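Please work from the sequences and hints to get the whole structure.
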Amino acid sequence: MSTLDRAGQVGDTGSPIVPDATAARPTPRPRPQASRPRGRTGRVVVGALLVLFTIAFVYPFVWLVSASLKPRSDVFDNRLIPETLTFDNYIEVWNAAPMAAWLLNTAFVTVMATITVTMSSALVAWGFARYRFRGRNLLFGLVLASMMIPGAATMIPTYLIWDSLGMVGTLTPLWAGNVFGTAFYIFLLRQFFLGLPTELFDAAEMDGAGHWRVFWHIALPLTRPALVVVALFEFQAAWTDLMRGLIYLRDREDFTVPRGLKSMLDQFGFGGEWHWELVVTASVITTVPMIVVFFLGQKQIIQGVASTGTKG
Amino acid sequence: MSVAAPARRRSSGRVALLFISPWLIGFAVFMAYPVLYTVYLSLTDYDVINDPTFVGLDNYRELMGDEKVVLAMRNTFVYTAMAVPAQLAISLALALLLQRAGRAAGFFRTAFFLPKMTPPVAVGVLLLLLLNGQSGLVNEFLAWFGIDGPNWTTDAAWVKPGLVLMSLWTVGSSVIILLAALQEVPEELLDAARVDGAGWWKRLWHVVLPIISPAIYFIVVVDTIASLQSFTEAYTAFFGAGNTTYSNDAALFYAIYLFQQAFEFLHMGYASALAMLLFLVVMLVTALQVLLSRRLVHYTGDRA
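So the protein lines, in turn, are chains A and B.
Mapping of the first sequence onto the working numbering: position 155 corresponds to residue 155, and the numbering continues sequentially without gaps.
Mapping of the second sequence onto the working numbering: position 195 corresponds to residue 195, and the numbering continues sequentially without gaps.
Don't take every hint at face value.
[Unchecked claim] Which bits of chain B does chain A cover? Going by a derived footprint, with three or more residues having C-beta under 8 Å, they are: (1) 110 to 116; (2) 127 to 135; (3) 276 to 290.
Just so you know, the hints here were simulated from the structure itself, not pulled from any lab data.
Remember, it's a predicted structure, so these values are computed and weren't measured experimentally.
We put the beta carbon where it would ideally sit given N, CA and C, even for glycine.
Next up, the structure:
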């Protein structure tokens with residue numbers, strides 16, 4: 001879910017009601033006999049509705065891609081197959097905007113955000129899952145409580161911190177907060193760690209493995225499925241984020257793709273130049289990486305999302 | 001063992017602190033301090049360039065009389081009141097359909113989830129295009145049934161319904177969560193209800209919904225909090241440097257007004273007061289939902 005908790009972002013929420021160690025294990029297959037509609041009419045109605053909804057959910061993508069392959073005058077003709085098929089928009093868009101720089105910037109921010117938040121959240125989650133120490137429950141309560149705080153309540157001072165460090169106008173504020181971990185991911189990974197057998201780690205410690213070794217060489221490899229879920233969630237959140245781009249980025253060359261798309265909409269869309277074919281094409285370019293990520297990590301994403309709502 | 005244990009526990013306490021230290025630092029610097037500083041800033045006049053000057057409760061007094069605050073708050077509540085039930089209804093319908101999809105369920109599930117991957121900025125762009133009053137796909141579809149579709153993006157009365165309609169496109173994760181909950185409904189209960197002569201609707205209302213009520217509750221809480229802070233889609237479609245075409249009062253959400261005050265007008269003190277009000281509203285609404293859940297949410301056996 002892209003409503004994942006990221007400090008400083010107003011549209012975000014986390015939730016305390018999240019998964020246990022089954023987070024990344026396969027969910028049981030649906031029991032077919034439980035769900036077969038009785039009778040033929042029922043089956044036909046269900047099938048027809050499924051197809052209709054599928055068209056409604058997929059058609060906007062098809063429309064968008066199709067529109068991006070039409071010349072300027074045909075963008076709004078709503079034809080499925082372009083009357084005049086052209087790839088000119090995809091060439092034009094690189095001239096009209098620093099698209100390559102935007103893609104590189106976003107890739108950098110997304111990779112940094114993903115690596116740092118996955119590592120730091122795993123470290124913190126391990127600290128809470130493996131060790132008993134005074135104040136642990138209180139501190140973990142704070143982790144959970146911090147998920148409830150709206151991004152708006154921290155947004156302005158967070159901006160002032162980056163401003164005082166001279167980082168406004170750079171890409172750093174878009175990812176660097178992630179080195180401290182994120183409450184939602186800490187919670188998710190802690191649940192996963194708690195599901196692992198303690199004996200394994202005790203035995204390793206008996207054999208003389210240090211704390212770091214137990215974490216790095218034993219616990220972390222076993223946590224791979226959950227780490228992948230966290231990485232995929234964060235990859236999506238970082239790639240699609242607009243608000244931080246609006247707050248922190250100043251020069252056009254420094255924009256991320258979402259921030260750049262917004263500026264193209266402002267300039268070429270309703271900004272008066274009326275080159276919607278460029279806006280449409282830029283929208284496709286912004287969206288495609290997420291579609292690719294989804295098809296690469298579909299199983300993990302679906303299971304990760306499913307586990308956020310159950311086991312409440 | 002009893003001799004070694006205390007020493008080991010003490011040293012492992014220090015190790016544990018090392019492991020959680022990233023979060024401790026992050027919490028202090030990017031959570032606790034900012035929240036407290038927001039409280040302080042809300043009592044000041046601050047434009048980033050000059051030092052904050054203390055003005056007491058002036059910002060809060062100003063906020064009470066600011067008709068844009070009233071407008072933004074009303075917009076946000078109206079949107080939330082429409083979007084949350086609509087999203088829940090559509091995602092429940094889709095989950096029920098998926099449960100009956102048999103072998104092809106995987107394919108349909110992918111189709112319903114895919115839009116959730118779309119960056120919200122692109123959703124905002126799509127809103128302007130698909131819901132365009134003259135050439136939009138939605139109105140073209142409505143015209144098949146002889147319906148003269150409204151000007152979703154320019155008619156103030158239709159802007160929020162348009163945003164709600166567009167938000168239905170990205171209900172994918174709720175569908176997945178509800179489907180997972182539906183698969184946990186014990187078959188014996190449904191069979192028992194069937195034997196007792198309960199029809200499909202009765203089984204849904206009296207057996208299925210109570211059992212999946214924790215998942216429904218989760219979705220309602222998360223969606224409500226998200227809707228109250230809704231920003232990106234509406235900001236993309238109706239605000240920003242280039243927008244001279246649309247009247248955007250109908251789309252002025254609270255988070256958008258807060259963003260404008262803070263980062264477009266640099267009224268940081270006033271924006272901090274706005275943030276405190278939003279904080280309070282989100283807390284109140286969440287508390288209300290927790291209270292309601294005690295009466296309406298049904299937890300089975302092993303859960304508290």
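Which of the listed hints are broken here?
-> none
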